[in-house]
Amino acid sequence: MAQLSCQNLTLGYEGKEILSNLSFEVNSGDYLCIVGENGSGKSTLMKTVLGLKKPMSGKVITGDGLLQTEIGYLPQQNVVQKDFPASVREIVISGNQGRCGLRPFYTKQEKQRAAENIRRMGIEDLQNRCYRELSGGQKQRVLLARALCATQKMLLLDKPVAGLDPKVTADMYTLIEGLNKKDKITIIMISHDIEAALKYSTHILHIGNETFFGTRQQYLDSRFGAERGLF
Amino acid sequence: MINQLIAYMQYPFVRYALIVGILIALCSSLLGVTLVLKRFSFIGDGLSHVAFGAMAVAAVAGITNDMLIIMPVTIISAILLLRTGSNARIKGDAAVAMISVGALAIGYLLMNVFSTSSNVSGDVCTTLFGSTSILTLSELEVWVCIILSVIVLFAFIFFYNKIFSVTFDENFARATGTKVSVYNLIIAVIIAVIIVLAMNLVGSLLISALVIFPALSAMRVFKSFKSVTICSACLSVICAALGIIISIITPKGTPVGSTIVAVDIVVFFVFWLIGFIREKVR
Numbered sequence: 071m072a073q074l075s076c077q078n079l080t081l082g083y084e085g086k087e088i089l090s091n092l093s094f095e096v097n098s099g100d101y102l103c104i105v106g107e108n109g110s111g112k113s114t115l116m117k118t119v120l121g122l123k124k125p126m127s128g129k130v131i132t133g134d135g136l137l138q139t140e141i142g143y144l145p146q147q148n149v150v151q152k153d154f155p156a157s158v159r160e161i162v163i164s165g166n167q168g169r170c171g172l173r174p175f176y177t178k179q180e181k182q183r184a185a186e187n188i189r190r191m192g193i194e195d196l197q198n199r200c201y202r203e204l205s206g207g208q209k210q211r212v213l214l215a216r217a218l219c220a221t222q223k224m225l226l227l228d229k230p231v232a233g234l235d236p237k238v239t240a241d242m243y244t245l246i247e248g249l250n251k252k253d254k255i256t257i258i259m260i261s262h263d264i265e266a267a268l269k270y271s272t273h274i275l276h277i278g279n280e281t282f283f284g285t286r287q288q289y290l291d292s293r294f295g296a297e298r299g300l301f
Numbered sequence: 029m030i031n032q033l034i035a036y037m038q039y040p041f042v043r044y045a046l047i048v049g050i051l052i053a054l055c056s057s058l059l060g061v062t063l064v065l066k067r068f069s070f071i072g073d074g075l076s077h078v079a080f081g082a083m084a085v086a087a088v089a090g091i092t093n094d095m096l097i098i099m100p101v102t103i104i105s106a107i108l109l110l111r112t113g114s115n116a117r118i119k120g121d122a123a124v125a126m127i128s129v130g131a132l133a134i135g136y137l138l139m140n141v142f143s144t145s146s147n148v149s150g151d152v153c154t155t156l157f158g159s160t161s162i163l164t165l166s167e168l169e170v171w172v173c174i175i176l177s178v179i180v181l182f183a184f185i186f187f188y189n190k191i192f193s194v195t196f197d198e199n200f201a202r203a204t205g206t207k208v209s210v211y212n213l214i215i216a217v218i219i220a221v222i223i224v225l226a227m228n229l230v231g232s233l234l235i236s237a238l239v240i241f242p243a244l245s246a247m248r249v250f251k252s253f254k255s256v257t258i259c260s261a262c263l264s265v266i267c268a269a270l271g272i273i274i275s276i277i278t279p280k281g282t283p284v285g286s287t288i289v290a291v292d293i294v295v296f297f298v299f300w301l302i303g304f305i306r307e308k309v310r
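Keeping their order, the protein sequence lines are chains A and B.
71 is the number of the first residue of the first sequence in my numbering; add one for each residue after it.
29 is the number of the first residue of the second sequence in my numbering; add one for each residue after it.
Simulated from the structure, these hints should not be mistaken for laboratory data.
Among the hints, erroneous ones may be present.
To be verified - When the alpha-carbon atoms are kept at most 20 Å apart in a straight line, the in silico EDC-like pairs for lysine to aspartate or glutamate are as follows:
hint, chain 1, residue 1, chain 2, residue 2
1, B, K207, A, E180
2, A, K124, A, E95
3, B, K308, A, E203
4, B, K254, A, E180
5, A, K123, A, D228
No experiment lies behind these values; they were computed from the predicted model shown.
Next up, chain A with everything else stripped away, as it sits in the complex (with noise of 0.2 Å):
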């Protein structure tokens, strides 16, 4: 059974449909990119697979072992987080949270995660620093290994690459690459980066007027693949 399964999923913003009886599977150890233009629906479908937001019609189902509260999550930088006084280790540690329920305090295990998680985004230097001093790719290598705590099966990318040097981007995509090929973890990523997207996924989904969904070689192969008229 696949690990996410969406099947005729409609969306939409108070009645008004924007995407409609889109289906696709994702299963463990894929790396899928959602791709599209601005307002396609990219956020909306993101925000009800982690089930944030009720679809109109459909249904978004879990399987193979994975809870929906196990989809690991990278949001998009928001304001709130732009001036919040909160040290590196702080956030990792929060990403424990959702294991929690109503014990007040991290065990020692969490702790140990949080620890690990920091160590493998290379950020053991920072982990006293204040968030909302540290740069672009600093900041998403924390709220990655914070989604890492809350997760070993499956992450979801809102743009992890938006605003971020040519460098610190090709350095973001290796790492989230080693994420998957090493340790299994299961990629959904949104992307307005299609060069990437075809260069380190396996799946594509193509949303807006025209619906696409395969494997990469599909994808290549298909009309849109043509159409770059690049490979």
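Keeping the supplied structure of chain A fixed, place chain B upon it in accordance with the hints.
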């Protein structure tokens, strides 16, 4: 001056005022960071006006223990206000403004129309600026205040990590299985309790200052959530104690609430300066 202070300490009302003042200051500073960062700085203001309105209603209805009305009304308004706030920021803003001035107007109207006291404007002024009420506390009121403060304090410690998650990134918390709406509700209730408590100290117009200033001062200098919270709690307690002492020992007797807020403002500028200089040095 020390002698004078010790002499004043002999009076129970001075001791009560200090105990209550310090406890209220401690509690009110705790959620300051959360409110500032959630862009809810004004919710304290709105709620205190609601509490003022409820107090007027209680006075008009002739209910002696007005806490019984003020507390539930304020808690319900807090829940309603925070709920609208989480969906749409602008709507939340407007709702706060509407409820706060509405309650203020109705409260003042009721107090004027149905007043039994001979000095209405004096009463209103006392409620709004808490001029002397903290120096006229009864023993029962002191105990109520102590118990509520302890509850607030424990609730805050118990929910500390959850409050952090919900404040830092509500969507992430919700997506990974934290019951965000429950914790928002708890935050709302804690705020309401604090506001009602703080009305005794600084009056309903100045409560926001008590909630926001210590947090803003601490945020100038400290960088982690924990250090900001601890620092703002300490600042708030020190400022409250200083304010109360100043207002007692000055010959003319300055109003307690506004003295505390004035001390808070001075401390804010000191911390702002420290932050500013540190940034320049770096």
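(request) Provide an ascending list of the numbers of those earlier hints which the structure does not satisfy. (result) none
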